[in-house]
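Given chain A, work out where chain B should sit, using these hints.
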Amino acid sequence: MNGTAVKNQLIFDFASGILGPAKSLFASTYLQLNSNASRISSTFEKMMGENLMDNENIHPKNLKYTDCMNIENGRSTSSIKDPVTCLFGNLNNLNWKQVYKGFKEYTASIDDKDELKLIKMDPGVSVPLHSHGGKEYILVLEGSFRDEHGYYSKGDIQINDQKVKHTPIASKDTGCVCLSITEKDVIFFGKYGSFLNLFTFIKSFFKQI
Amino acid sequence: MEKSNLNNLMKRIQRDRDEMAFSEIFDFFAPKINAYFIQNRIKIETSEELTQEVLSTIWIKSNLYDSKKSVLSTWVFTIARNKKIDFFRKNSKINFKEEDIREFLYQDREINLIEENEAKKQIDRINKQLDEQQKIMIKMNFFENKSHKKIADELEIPLGTVKSRIRHILMKMQEILE
Chain A
0 MNGTAVKNQL
10 IFDFASGILG
20 PAKSLFASTY
30 LQLNSNASRI
40 SSTFEKMMGE
50 NLMDNENIHP
60 KNLKYTDCMN
70 IENGRSTSSI
80 KDPVTCLFGN
90 LNNLNWKQVY
100 KGFKEYTASI
110 DDKDELKLIK
120 MDPGVSVPLH
130 SHGGKEYILV
140 LEGSFRDEHG
150 YYSKGDIQIN
160 DQKVKHTPIA
170 SKDTGCVCLS
180 ITEKDVIFFG
190 KYGSFLNLFT
200 FIKSFFKQI
Chain B
0 MEKSNLNNLM
10 KRIQRDRDEM
20 AFSEIFDFFA
30 PKINAYFIQN
40 RIKIETSEEL
50 TQEVLSTIWI
60 KSNLYDSKKS
70 VLSTWVFTIA
80 RNKKIDFFRK
90 NSKINFKEED
100 IREFLYQDRE
110 INLIEENEAK
120 KQIDRINKQL
130 DEQQKIMIKM
140 NFFENKSHKK
150 IADELEIPLG
160 TVKSRIRHIL
170 MKMQEILE
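Chains A and B supply the protein sequences, listed in that same order.
What the first sequence shows, in numbering that gives the first Met the number 0, is residues 0 to 208, in sequence order.
What the second sequence shows, in numbering that gives the first Met the number 0, is residues 0 to 177, in sequence order.
The following block holds chain A by itself, in its conformation from the complex (with noise of 0.2 angstroms):
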């Protein structure tokens, strides 16, 4: 699958109702800064509406109209919220993690099997040449960054999976800001490779425990 049907997936399956929470989180973040990706997002809700005018009838067997007029049920939310500012609260009072000079994440702490992180790089840094042990999608929230397969600024998204090697680089200007999700390890090549390698087997050993 190419890049776009990867991104159409992701969109597809979080309109489907199908993602876990880190990815719910990341989708609707991804769908509030990009038009096209809300736009395709509406489409497809158009076509399951579709499939549901169309469904087979189950009728419910005790259940009449009059019980779905008096329970209460909820609050009414129609103000739109910023997920990443409800989840994170304001960025610049995290408590970031330097994983190397003018490179620190932040780590959302909720339980899924996919990592949910905040990665912000100070203007010029680049993260050395790695791939990916599962598949890493990165959404730019603020500022731009670059690599060997393009420019990626506010509301892009990159998806990579074990084969795509790449080398980012932030902004001179502006650094960025990103979500990212992690299915699983990074791995790393090139100088600082074997160590960090070895810091992330250390760090998963540790989580283990």
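Wrong hints could be hidden among the right ones.
As the list claims (entries may be wrong) - Below are the DSSO-like pairs computed for lysine-lysine, each with C-alpha atoms no more than 30 angstroms apart in a straight line:
no.: 1; chain 1: A; residue 1: K60; chain 2: B; residue 2: K119
no.: 2; chain 1: B; residue 1: K2; chain 2: A; residue 2: K112
no.: 3; chain 1: A; residue 1: K22; chain 2: B; residue 2: K89
no.: 4; chain 1: B; residue 1: K162; chain 2: A; residue 2: K153
no.: 5; chain 1: B; residue 1: K42; chain 2: A; residue 2: K112
Everything labelled a hint here was simulated from the structure, so no lab data went into it.
Just chain B now, with coordinates in the frame of chain A:
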């Protein structure tokens, strides 16, 4: 039932809290929503409870529906889908430290009429390009959320064929949606 008819019923509910109009909306949607939950492998007793919640939401929050922004079936689908997500989350082994992430995940996005018409055209084009079996596969995959394996079993075709056909359908949809 005609879409325009459903819209008139919704208008009567919004304007007059018309109970007879609601009973017709109930008669039309309740069996389809109930079927949706059962297709999504929710037990019958629970599916009826969830159906009750969806219909209650339609009644209580009818003023949030705007026929200029979306089609009624889309609005109802999103309510049912959100109930399904809530249900699976409450019943999963996953603990939620955040009180309710879901609340701000699926908020109504502003859609204008031009986009709505554009979407309609795209869906017509997609429907024209898909044959009956492909439409069934889309429904099983995304509406009923069945695995490729389950789809293969139910349609009695090899798993590899299901995978390649769904990939093919997604490519077609992508061409039209881009």
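Subject >> Hint consistency between K162 (chain B) and K153 (chain A) [alpha-carbon to alpha-carbon, up to 30 angstroms] >> reply: violated (33 angstroms)
**OP:** For the pair we were handed, K22 (chain A) and K89 (chain B), check the Cα-Cα distance against 30 angstroms.
**Re:** The hint holds at about 17 angstroms.
Subject >> Restraint check for K60 (chain A) with K119 (chain B), where alpha carbons must lie at most 30 angstroms apart >> reply: violated (35 angstroms)
Original post:
Given the hinted pair K42 (chain B) and K112 (chain A), is their alpha-carbon gap at most 30 angstroms?
Top reply: Distance of about 26 angstroms is within 30 angstroms: holds.
Original post:
Given the hinted pair K2 (chain B) and K112 (chain A), is their alpha-carbon gap at most 30 angstroms?
Top reply: Roughly 42 angstroms between the alpha carbons, so the hint for K2 (chain B) and K112 (chain A) is violated.
This entry does not satisfy hints 1, 2, 4, going by the numbered hints stated previously.
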